[in-house]
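Keeping their order, the protein sequence lines are chains S and U.
Counting from 81, one number per residue, gives the positions in the first sequence under the working numbering.
Counting from 31, one number per residue, gives the positions in the second sequence under the working numbering.
Keep in mind that the hints are not guaranteed to be accurate.
Unchecked claim - Residues from chain U that face chain S, not an exhaustive set, calculated with beta carbons under 10 Å: (1) Arg35; (2) Gly70; (3) Val71; (4) Asp73; (5) Gly120; (6) Pro127; (7) Gly134; (8) Gly274.
Derived from the structure by calculation, the hints contain no laboratory data.
All C-beta atoms in this analysis are idealised placements derived from N, C-alpha and C, irrespective of residue type, glycine included.
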Amino acid sequence: MKIAVCVKQIPDPATPYQLDPETHLVMRPAEQVLDDTDRYGIEVALQLAAATDGTVVLVSMGPAGNLQGIRQALAMGADQAVVVSDPLLQGSGALVTARVLAAAIVREAVDLVIAGTESTDGYTGIVPQQIAEILGLPALTFARKVEHIDGKLRVERQTASGYDVVTSPLPALVSVTSGAVEPRYPTFKGIMQAKQKPVDQPTCADLGIDPGSVGLGGSGQSITAVRPAPARTAGTKIHDEGEAYLEIVKLLEQAKVI
Amino acid sequence: MSEYRAPITDMRFTLEHVAGLETLRTLPRFAHVDGDLLTGVFDEAGRFASEVIAPLAQVGDTIGSVHNGDGTVATPPGYKEAYQRFVEAGWPAAGFPEEIGGGGLPWGVASALQEMIIAADMGFSLCPMLTYGTVDMLSLHGSEEQKATYLGKLVTSEWSGTMVLTEAQAGSDVGALTTKAVPADDGTWRLTGTKIFITWGEHDLTENIIHIVLARTPGAPPGTKGISCFIVPKYLVNPDGSLGARNDVTCLSIEHKLGIHSSPTCVLSFGDAGEGAVGYLIGEENEGMRYMFTMMNEARLSVGNEGLAVSERAFQQAASYALERKQGRTVGGERGEQAPIIRHPDVRRMLMLMRANIAAMRGVLYRNALAIDLSRHLEDEERRTQEEDLAAILTPISKAWASDLGTELTSLGIQIHGGSGYVEETGAAQWWRDSRIAAIYEGTNGIQAQDLAMRRIPLGGGVAMHRLFEMVLGDAASLEGDLKPIADRLTEATEASAAVAMTFGQWLLEGRYNDVLAGATPFLKMMGDTLGGWMLARGARAATAEPAGYDPAFLADRIALAAFYAEHVLPTVIGLKGSCLAGAEGMFAIEESRFG
Numbered sequence: 081m082k083i084a085v086c087v088k089q090i091p092d093p094a095t096p097y098q099l100d101p102e103t104h105l106v107m108r109p110a111e112q113v114l115d116d117t118d119r120y121g122i123e124v125a126l127q128l129a130a131a132t133d134g135t136v137v138l139v140s141m142g143p144a145g146n147l148q149g150i151r152q153a154l155a156m157g158a159d160q161a162v163v164v165s166d167p168l169l170q171g172s173g174a175l176v177t178a179r180v181l182a183a184a185i186v187r188e189a190v191d192l193v194i195a196g197t198e199s200t201d202g203y204t205g206i207v208p209q210q211i212a213e214i215l216g217l218p219a220l221t222f223a224r225k226v227e228h229i230d231g232k233l234r235v236e237r238q239t240a241s242g243y244d245v246v247t248s249p250l251p252a253l254v255s256v257t258s259g260a261v262e263p264r265y266p267t268f269k270g271i272m273q274a275k276q277k278p279v280d281q282p283t284c285a286d287l288g289i290d291p292g293s294v295g296l297g298g299s300g301q302s303i304t305a306v307r308p309a310p311a312r313t314a315g316t317k318i319h320d321e322g323e324a325y326l327e328i329v330k331l332l333e334q335a336k337v338i
Numbered sequence: 031m032s033e034y035r036a037p038i039t040d041m042r043f044t045l046e047h048v049a050g051l052e053t054l055r056t057l058p059r060f061a062h063v064d065g066d067l068l069t070g071v072f073d074e075a076g077r078f079a080s081e082v083i084a085p086l087a088q089v090g091d092t093i094g095s096v097h098n099g100d101g102t103v104a105t106p107p108g109y110k111e112a113y114q115r116f117v118e119a120g121w122p123a124a125g126f127p128e129e130i131g132g133g134g135l136p137w138g139v140a141s142a143l144q145e146m147i148i149a150a151d152m153g154f155s156l157c158p159m160l161t162y163g164t165v166d167m168l169s170l171h172g173s174e175e176q177k178a179t180y181l182g183k184l185v186t187s188e189w190s191g192t193m194v195l196t197e198a199q200a201g202s203d204v205g206a207l208t209t210k211a212v213p214a215d216d217g218t219w220r221l222t223g224t225k226i227f228i229t230w231g232e233h234d235l236t237e238n239i240i241h242i243v244l245a246r247t248p249g250a251p252p253g254t255k256g257i258s259c260f261i262v263p264k265y266l267v268n269p270d271g272s273l274g275a276r277n278d279v280t281c282l283s284i285e286h287k288l289g290i291h292s293s294p295t296c297v298l299s300f301g302d303a304g305e306g307a308v309g310y311l312i313g314e315e316n317e318g319m320r321y322m323f324t325m326m327n328e329a330r331l332s333v334g335n336e337g338l339a340v341s342e343r344a345f346q347q348a349a350s351y352a353l354e355r356k357q358g359r360t361v362g363g364e365r366g367e368q369a370p371i372i373r374h375p376d377v378r379r380m381l382m383l384m385r386a387n388i389a390a391m392r393g394v395l396y397r398n399a400l401a402i403d404l405s406r407h408l409e410d411e412e413r414r415t416q417e418e419d420l421a422a423i424l425t426p427i428s429k430a431w432a433s434d435l436g437t438e439l440t441s442l443g444i445q446i447h448g449g450s451g452y453v454e455e456t457g458a459a460q461w462w463r464d465s466r467i468a469a470i471y472e473g474t475n476g477i478q479a480q481d482l483a484m485r486r487i488p489l490g491g492g493v494a495m496h497r498l499f500e501m502v503l504g505d506a507a508s509l510e511g512d513l514k515p516i517a518d519r520l521t522e523a524t525e526a527s528a529a530v531a532m533t534f535g536q537w538l539l540e541g542r543y544n545d546v547l548a549g550a551t552p553f554l555k556m557m558g559d560t561l562g563g564w565m566l567a568r569g570a571r572a573a574t575a576e577p578a579g580y581d582p583a584f585l586a587d588r589i590a591l592a593a594f595y596a597e598h599v600l601p602t603v604i605g606l607k608g609s610c611l612a613g614a615e616g617m618f619a620i621e622e623s624r625f626g
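Chain S on its own, in the form it takes in the complex (with noise of 0.2 Å):
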């Protein structure tokens, strides 16, 4: 099975965000890390392959520096990347980012495409499923258990209440909760190896892409300004003489974790 997982590099989370006071877009420096939330789709792909003799293949989108990020994610045991990185598409949405990689995807002819369910930095939380409907996939969101069985997919989805089990024909689309699976650490191994790996970088022209589609221009959005999160209110102290677990209990109720 040939699986295709959707990665993103990220400015360091362990340093603050820069934005471009004109655009407001994030400043990515020509060092970016992995998101560590692609570390579990990444995770789930190198099982699948491993049990069906398979490959897998990284698609990224956006300025691919010194691909430090996509190195990290090749050491982890991903046999192949292609990152589309233009200028071009800079300051592209959601959906322009959906169609680029869905593009990408199509080339690779893959049978199964995986991805987090939001990035780190961006947090729209949509591309999964605009890669799905773009692609004419079935979409298996927010999987918290992913199984290959007689050329079907079983996946779990988690939900507010629990989860639903549901199954698939592939080729399909998955999206992965970060915690589904224990990411491997890359092996010294693999990470020498990572830097021999083939790294393909198209551009949009390459992929056919309209230029007027992408970047800002050809998201259909603006971003009119940016204002910092409200700092956070002081908490609310509960005094225990004895009785405050009931307190507890009612603002877990309250958050619905019980």
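Go by the hints and put chain U onto chain S.
Below, chain U alone, put in the same frame as chain S:
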């Protein structure tokens, strides 16, 4: 529980711009060690150390390894799983040559990886560290058959190794050991005796343990000239590589220690049950000490690395505490102000001492490691010898200076925490307790100082030491502009150290050995501090050139650290000169009986 984040930017900067990795890159076997590779390897190793190993440290300290009474030792919860992942990820093998199944990284880079594992949990790190020694021993002196049998699984750390030297009456004086080895009919040997202080001598992390044991054969000459080296596996290995019978090696007990509680320090008994434990002679009879010395440099450097690594861990915890903890007002602050303690000059002094000394140690240790690499792989024989001599001088300094600093700086880490630092729950005291052993084992720091003064000063008729001082003075002379004050302090410290070295050299010729021995420890301190200043000065010079790929704030910090060290540490070097040259007379002025 404090977190640990590997200081990968400083590690990379120190390798590339301070210690001189570029010379190593001119060699074909290390040409691939470029910036991308360092970043990739350091990133992932650092993540592994932070996420998998660092959380073990506190469990390892509070629970520790436990002797079960039946001769087995149980490691603390989580150790087995973490060790397994460590082996699977391939980190233990990264620094070995590819020829024996290693990752082919130079020792300089492997030192940085080792630093991460030690900083994450020193007790844990000792298990693979002892294995490295076993690998060196077998790859240098083992027979082809012995290499085929043991080396593969030791390189990967699937099996662990030990160094079995010490006996109750034979500590610093290894020559006094009495463990016996007698030949059996089949060409193997039978060992009997009791050894103590055997690090990771018994445990449940690996399916086999390969002991390297020093023992005496029948008719061996007394002292160090009569010591032979044996392989004694916990489980005998069948010809097909599978494990056979349990060998007659028993762990009688483990020590209750000040620190490194997860590292079982074992009393091992050989041949309790019958005619002796099965052993295999390494190389020739009576050559054991010579074989031991060939691996001494790496082992001593690794112990110096413990001083550095644990200081880094203590610094990270102390710095984050000093940023958060609010006490008292600053000079000129408003009444009622509660300022983070990092704003008080004396707290800042302690943090700066920690940080500057850590950067200084990292420079000296990496230069030491690269000297070992270069001494093995340079094409030119003369340059190879020069690097070998440099490594010989730097190694006792790296070991003793860095491990003493480890104790000193981890103590400052406690001090910064105030009363909370003395409370075990805070976790600041563990770093001090763990680091304390490094000044003792692998040759006490007193022995390192003796080695430096008695053997390294006369090396090559004093030429090797002279060349080192010339290198330092040359770099000092190249500093210009704002860096000139750093150059002046460095030059003064170097000249003071060189003057002591000259006098010691003269005294050695005159046979005044006790006078040299009496001043050896302050001399080693002078050398360490001076060379630390040298490395920081090189860092400042490199930072001024603004190399690509580094944040300007990081480069500015490197210059500030060098300036601080020049103002606060280098001047103290000159003050030690008097103590070095005082001679032994005053030290023995009070009659021995007056100490009773």
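Evaluation of the provided hints:
{"no.": "1", "hint": "Arg35", "in the structure": "8 Å, holds"}
{"no.": "2", "hint": "Gly70", "in the structure": "5 Å, holds"}
{"no.": "3", "hint": "Val71", "in the structure": "6 Å, holds"}
{"no.": "4", "hint": "Asp73", "in the structure": "7 Å, holds"}
{"no.": "5", "hint": "Gly120", "in the structure": "4 Å, holds"}
{"no.": "6", "hint": "Pro127", "in the structure": "14 Å, violated"}
{"no.": "7", "hint": "Gly134", "in the structure": "9 Å, holds"}
{"no.": "8", "hint": "Gly274", "in the structure": "30 Å, violated"}
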